[in-house]
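Q: Letter by letter, the chains look like this.
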Amino acid sequence: MAKTVQCELCPNGCVLENGQHSKCRARMNKDGVLYSLVYGKPCAVHVDPIEKKPFNHFLPGTTAFSIATAGCVLSCKFCQNWQISQAKPEDTDTVDLPPDTVVRQAMLYGCKSVTYTYTEPTVFYEYMYDTAIIAKKYGIKNTMHSCGYINEKPLKKLSKYLDAADIDLKAFTEDFYSRICSGSLKPVLNSLVVLKEEGVWLEITNLVIPTLNDDMKNIKEMCRWILKNLGPDVPIHFSRFFPHYKLDNLPPTPLETLTEARKTAMDAGLKFVYIGNIRHEGESTYCPKCKKMLIERIGYFVKQNHIANGKCSFCNTSIPGVWS
Amino acid sequence: MESAVSAIHLFREYGVRKKGGYRAGYSILAHSRPDIMSGLRGFCLSIFIFEQSEYRQKNPLKYYTLLCGVEVNMLTRREFFRFFIIGGILSLFGKKVNPGGIAYGASDPVCKSERFLNLSSPWQTVRDSYGVKAEQKPKVAMFWRRVD
Numbered sequence: 001m002a003k004t005v006q007c008e009l010c011p012n013g014c015v016l017e018n019g020q021h022s023k024c025r026a027r028m029n030k031d032g033v034l035y036s037l038v039y040g041k042p043c044a045v046h047v048d049p050i051e052k053k054p055f056n057h058f059l060p061g062t063t064a065f066s067i068a069t070a071g072c073v074l075s076c077k078f079c080q081n082w083q084i085s086q087a088k089p090e091d092t093d094t095v096d097l098p099p100d101t102v103v104r105q106a107m108l109y110g111c112k113s114v115t116y117t118y119t120e121p122t123v124f125y126e127y128m129y130d131t132a133i134i135a136k137k138y139g140i141k142n143t144m145h146s147c148g149y150i151n152e153k154p155l156k157k158l159s160k161y162l163d164a165a166d167i168d169l170k171a172f173t174e175d176f177y178s179r180i181c182s183g184s185l186k187p188v189l190n191s192l193v194v195l196k197e198e199g200v201w202l203e204i205t206n207l208v209i210p211t212l213n214d215d216m217k218n219i220k221e222m223c224r225w226i227l228k229n230l231g232p233d234v235p236i237h238f239s240r241f242f243p244h245y246k247l248d249n250l251p252p253t254p255l256e257t258l259t260e261a262r263k264t265a266m267d268a269g270l271k272f273v274y275i276g277n278i279r280h281e282g283e284s285t286y287c288p289k290c291k292k293m294l295i296e297r298i299g300y301f302v303k304q305n306h307i308a309n310g311k312c313s314f315c316n317t318s319i320p321g322v323w324s
Numbered sequence: 001m002e003s004a005v006s007a008i009h010l011f012r013e014y015g016v017r018k019k020g021g022y023r024a025g026y027s028i029l030a031h032s033r034p035d036i037m038s039g040l041r042g043f044c045l046s047i048f049i050f051e052q053s054e055y056r057q058k059n060p061l062k063y064y065t066l067l068c069g070v071e072v073n074m075l076t077r078r079e080f081f082r083f084f085i086i087g088g089i090l091s092l093f094g095k096k097v098n099p100g101g102i103a104y105g106a107s108d109p110v111c112k113s114e115r116f117l118n119l120s121s122p123w124q125t126v127r128d129s130y131g132v133k134a135e136q137k138p139k140v141a142m143f144w145r146r147v148d
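Here the protein sequences line up with chains A and B, keeping their order. Counting with the numbering used here, you get residues 1 to 324 for the letters of the first sequence. Counting with the numbering used here, you get residues 1 to 148 for the letters of the second sequence.
I should point out that these hints are in silico values taken from the structure, not numbers from a laboratory. Please note that a few of the clues may not be correct.
Straight-line Cα separation of at most 27 Å, BS3-like style, residue types lysine-lysine; simulated pairs [as the list claims (entries may be wrong)]:
(1) A:Lys157 - B:Lys139
(2) B:Lys139 - A:Lys3
(3) A:Lys160 - B:Lys139
(4) A:Lys30 - B:Lys139
(5) B:Lys139 - A:Lys23
(6) B:Lys139 - A:Lys156
(7) A:Lys291 - B:Lys139
(8) B:Lys139 - A:Lys153
A short, non-exhaustive set of chain A residues, derived as facing chain B with CB atoms under 7 Å [stated by the list, open to error]:
(9) Glu8
(10) Ser36
(11) Pro154
Listing some non-contacts, in silico: residues in chain A with all C-beta distances to chain B over 10 Å [to be verified]:
(12) Ala2
(13) Ser184
(14) Leu185
(15) Pro210
(16) Thr259
(17) His280
(18) Pro288
(19) Pro320
Note that the coordinates shown come from a computational prediction; the quantities given were computed from them, not determined experimentally. The beta carbon of each residue, even a glycine, is placed where N, CA and C say it ideally should be.
Sequences are here, hints too, so could you generate the full structure?
A: This is the structure we're talking about:
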C-alpha cells in the first residue's frame with residue numbers, strides 16, 4: 001500500500017513520502033496520513049490593537065487576540081517574523097491552547113476578534129478553522145493576516161467563518177515572488193478575488209522594499225488591478241520596510257517613496273490609501289468626499305473617530321468597512 | 001538604529017514631564033527614571049514590573065501595557081493616562097489565584113456569564129493547561145489525498 005500523500009492546502013502542493021515534512025514544516029506524512037503538527041500549539045499569543053494587523057476599517061480602537069504557530073508556506077527573504085515562520089514547530093516554544101481556550105481567553109481580555117497572524121495562518125488551517133467556528137458561535141469575529149498563498153477550495157471553506165482578511169500583496173511581479181518569496185503571484189491574486197466574492201472584508205498590505213518593489217510603474221499597475229478587480233473601496237497599506245532576516249543589507253524605506261506610492265494609488269482611483277510602520281498623516285482615515293479626517297491615528301492608537309454608524313459625521317458619506 | 005535615533009528626537013522634541021510643567025529639550029534617558037520611579041508611584045510601579053515580568057511570556061499584554069502607558073503619558077502629556085497606569089496596578093487585585101495557575105481577569109463579569117461557562121473549564125489557563133495537554137496527539141490534516 002502506497003503511503004505517499006499530496007497536500008492540497010496551498011499551491012505548493014507538497015508530495016510527501018512516509019515520514020516527510022511539508023515545505024511549510026507544519027505538516028507531516030505519517031504512515032500515509034497527513035497530520036498537522038501545530039494544532040492547538042501556538043508559539044505566539046498576544047493581545048494587539050487591531051490597527052497592528054493592520055486593519056483600519058475593521059472595528060477601530062478594539063483589540064484582537066492574536067495567535068500564530070510555527071511555519072510558513074513562503075520563504076520571504078525580508079520576513080520580520082522569520083524566527084518563528086521559518087522554524088520547525090518542535091524548535092519553537094509553544095503553549096497548549098486548544099480552540100475553545102483561544103475563544104475563552106479572547107473573551108477574558110475583552111477582545112472583539114481573534115486574529116490569525118504573525119506567521120502564515122494557512123499552515124495552521126485546521127486550528128484556525130476550528131477556532132473560527134467556536135469564535136463565531138460566541139460572537140467573536142475572526143480575522144487573518146495572510147499572504148494569500150492558499151488554494152481556492154480551503155479558502156472558500158474558511159471564508160464562511162472569516163469576517164476580515166488582510167492580504168500581503170508583496171509585489172506585482174512574478175519575478176519578485178519567485179526570487180524573493182519562493183512563491184507565485186497568481187494564487188495570491190486569485191485569493192484576493194475569492195475573498196471579495198465571498199463577502200469577507202478585505203484590506204491589502206504592500207511592503208515597499210527599496211530597490212526591489214518600489215518602482216512606481218509596478219505600484220501603479222498593481223493599483224489599477226485592485227481597482228478593476230476589487231473596487232476602489234479596498235484599503236491598501238503601504239508599509240515601511242526595515243532590514244530583517246536575509247535583507248539586512250537594504251536601508252529602511254524612505255518616507256518619500258511611501259508618500260509617492262500613496263499618491264500614485266490615490267491618483268489611480270483608490271479611495272483609502274494608508275502608510276504604515278512610520279508616523280505620518282497617511283496613517284489616518286479621511287473622508288473621500290469632504291476630505292476631512294475621520295479617524296486620527298498615532299501609531300496603533302486611535303486618537304479620534306468621526307465615523308458614526310458607518311458614515312462620515314461631517315458629510316454623511318458612507319464609509320466602507322466593519323464598524324460595529 | 002535609525003528608529004532609535006528618531007525615538008530620541010521625538011522624546012527631545014516633546015520633553016519629559018516634570019513637576020510644575022513640561023520641559024522640552026531633555027532626553028528621556030536622563031529624566032525618565034527619577035520622574036517615573038520615585039515616590040509612592042515608583043514603589044507601586046516597581047512591584048508591578050516585578051510581578052508582571054514573571055508572567056510576561058504568558059501574558060504579554062499586561063507587561064507591555066504598563067510600559068506603553070508610561071510612554072504615552074510622557075509623550076502626550078495627558079494627565080488621564082495616570083489613571084490608566086493606576087488602573088493597571090489596581091487590576092492586579094482583581095485576579096484570582098487557583099492551584100493550577102493564574103486566571104487573568106477572572107473577576108470580569110463576562111467570565112461568570114452562562115455563555116462563558118458553556119466553554120470548558122473557566123479556570124483553565126495558558127499556564128495550567130501547558131503540560132496537562134502536552135501529550136495531545138497531532139490532528140489529522142484537512143485537504144490532502146493519497147497518491148497511489
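Q: List in ascending order the numbers of the hints, as given earlier, that are violated by the structure.
A: Per hint list: 7 and 12 violated.
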